[in-house]
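Participant: What follows is each chain in one-letter form.
Number of protein chains: 2
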Amino acid sequence: MLATMTEPLHCHLDFISPYGYFASLRIEAIAARHGRVVAWHPMLLGVAVMKVMGLKPLMDTPLKGDYVERDVRRYAREHAVPMKRQPRDAVMNPLACGRALAWANRHAPQRAGEVVHAIYGAYWGEGLDLSTPASLEPVVGETIARAAGGEEAAALLRAEVDASLAQGVFGSPTVIVDGEAFWGVDKLEQVERWLERGGW
Amino acid sequence: MLATMTEPLHCHLDFISPYGYFASLRIEAIAARHGRVVAWHPMLLGVAVMKVMGLKPLMDTPLKGDYVERDVRRYAREHAVPMKRQPRDAVMNPLACGRALAWANRHAPQRAGEVVHAIYGAYWGEGLDLSTPASLEPVVGETIARAAGGEEAAALLRAEVDASLAQGVFGSPTVIVDGEAFWGVDKLEQVERWLERGGW
Numbered sequence: 001m002l003a004t005m006t007e008p009l010h011c012h013l014d015f016i017s018p019y020g021y022f023a024s025l026r027i028e029a030i031a032a033r034h035g036r037v038v039a040w041h042p043m044l045l046g047v048a049v050m051k052v053m054g055l056k057p058l059m060d061t062p063l064k065g066d067y068v069e070r071d072v073r074r075y076a077r078e079h080a081v082p083m084k085r086q087p088r089d090a091v092m093n094p095l096a097c098g099r100a101l102a103w104a105n106r107h108a109p110q111r112a113g114e115v116v117h118a119i120y121g122a123y124w125g126e127g128l129d130l131s132t133p134a135s136l137e138p139v140v141g142e143t144i145a146r147a148a149g150g151e152e153a154a155a156l157l158r159a160e161v162d163a164s165l166a167q168g169v170f171g172s173p174t175v176i177v178d179g180e181a182f183w184g185v186d187k188l189e190q191v192e193r194w195l196e197r198g199g200w
Numbered sequence: 001m002l003a004t005m006t007e008p009l010h011c012h013l014d015f016i017s018p019y020g021y022f023a024s025l026r027i028e029a030i031a032a033r034h035g036r037v038v039a040w041h042p043m044l045l046g047v048a049v050m051k052v053m054g055l056k057p058l059m060d061t062p063l064k065g066d067y068v069e070r071d072v073r074r075y076a077r078e079h080a081v082p083m084k085r086q087p088r089d090a091v092m093n094p095l096a097c098g099r100a101l102a103w104a105n106r107h108a109p110q111r112a113g114e115v116v117h118a119i120y121g122a123y124w125g126e127g128l129d130l131s132t133p134a135s136l137e138p139v140v141g142e143t144i145a146r147a148a149g150g151e152e153a154a155a156l157l158r159a160e161v162d163a164s165l166a167q168g169v170f171g172s173p174t175v176i177v178d179g180e181a182f183w184g185v186d187k188l189e190q191v192e193r194w195l196e197r198g199g200w
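If you read the sequences in order, they're chains X and P.
Heads up: the first sequence is residues 1 to 200, going by UniProt numbering.
Heads up: the second sequence is residues 1 to 200, going by UniProt numbering.
To be clear, the hints were calculated from the coordinates, so they are not data collected in a lab.
Some hints could be false.
For chains that are exact copies, the list does not tell them apart, and a pair is met inside one copy or across any two.
Restricting the straight-line Cα-Cα distance to at most 20 angstroms, the calculated cross-link-like pairs of lysine to aspartate or glutamate (EDC-like) are [claimed, not checked]:
1. Lys56 to Asp89
2. Lys51 to Asp66
3. Lys187 to Glu78
4. Lys56 to Asp129
5. Lys51 to Asp162
6. Lys84 to Asp66
7. Lys187 to Glu126
8. Lys56 to Glu189
Only chain X is shown next, with the shape it has when bound in the complex:
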């Protein structure tokens, strides 16, 4: 007989998103309190925001860019999150990181969370650039870093991005709980209440 199945909390994030970093540090504890695990999904804000939604990048949006810069510092300080990078610093190309996670999801799913934390910690926490498979090697190990440079990882990331868009995901982080989407790290308290109530 199968054990009772509980759907994972599906956490969609872009590695260039500081709010995705913030959520990655809290979502596993929330899941664990409710007998869930986290499934990690790489998405690409560049595709969702610019191509599908037709908007400009967050930090290039008048007023909002300034707000986000302040809000990110405030959050990091309140939650004691290590950050050697700020939203207005040069943004890396997130493809190698997204491909590393997409490849891990397929070939080493038990390591996906570790990959997420290693990449976010290195990029936002330590301020490293992780835009190439070689730069990823000290962070996620040789196997995954090398795979991130291959065709299969590229195809797996495209599939993840298509799937996230098909589910309506447009922002990072988006947590999907039994089909219900919550956008933004500010929603994590509501996610927890949703899990406590068991939905509506």
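Based on the hints, put chain P in the right spot on chain X.
Facilitator: The following block gives chain P in isolation, referenced to the frame of chain X:
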């Protein structure tokens, strides 16, 4: 000798914003717990979002419109907020309402909160259209409704909108606490923690 002065919590909102409605129902209690009062400021998303930020309206943005529709229903249900209008229903022209509040701020500041609650309750709670001074009369009374049709109220609203933009306000609700801006009803818990700590 003057009593100790505490700055009001400055709550910026657009009457067409359901999240502004939601925040209006909680911000006074938060303020009161910390010995503050609320100052209410009409802003115009149409000016901030479209003209200054160069974005399209929220509900016309692919993916995001669908998310907001769902998120608003979910919030209203969780917090038991009366709503006979949904974000995708026809949107009223908010000028008369904004002018009514701007005029009340100048000439009857002690009634500003009452005006905010009356307008939001009628528009979102009861689903009424309040796009003309005449339609406002049963909601805010004859004096304010009539004033909302005049030149002075129009000028006062323009001044409020200019002042909010000069402070970087781009969304509804935005709560400014001693100069620190918090955007979104999801931020109210953080506003409360900020007040408890007395800032950083």
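Participant: Take the hints in turn and mark each one as holding or not.
Facilitator: We went through each hint and held it up to the structure:
1. Proximity of Lys56 and Asp89 under a CA criterion of 20 angstroms is satisfied intra-copy only: 17 angstroms inside one chain copy versus 26 angstroms between copies.
2. Proximity of Lys51 to Asp66 under the C-alpha cut-off of 20 angstroms is restricted to the inter-copy arrangement: shortest distance 17 angstroms between copies versus 23 angstroms within a copy.
3. Taking identical chains as interchangeable, the C-alpha atoms of Lys187 and Glu78 lie at most 20 angstroms apart whether they share a chain (16 angstroms) or sit on different chains (13 angstroms).
4. Proximity of Lys56 to Asp129 under the C-alpha cut-off of 20 angstroms is found in neither arrangement, the shortest distances being 23 angstroms within a copy and 33 angstroms between copies.
5. Proximity of Lys51 and Asp162 under a CA criterion of 20 angstroms is satisfied intra-copy only: 12 angstroms inside one chain copy versus 32 angstroms between copies.
6. In this assembly of identical chains, the alpha carbons of Lys84 and Asp66 lie at most 20 angstroms apart only when taken from the same copy (18 angstroms versus 35 angstroms across copies).
7. When the C-alpha separation of Lys187 and Glu126 is checked against a cutoff of 20 angstroms, the pair qualifies neither within a copy, at 26 angstroms, nor between copies, at 27 angstroms.
8. In the homo-oligomer, the alpha carbons of Lys56 and Glu189 never lie at most 20 angstroms apart, since the shortest distance is 29 angstroms inside one protomer and 29 angstroms across protomers.
Checked against the numbered hints above, the structure violates hints 4, 7 and 8; every other hint is satisfied.
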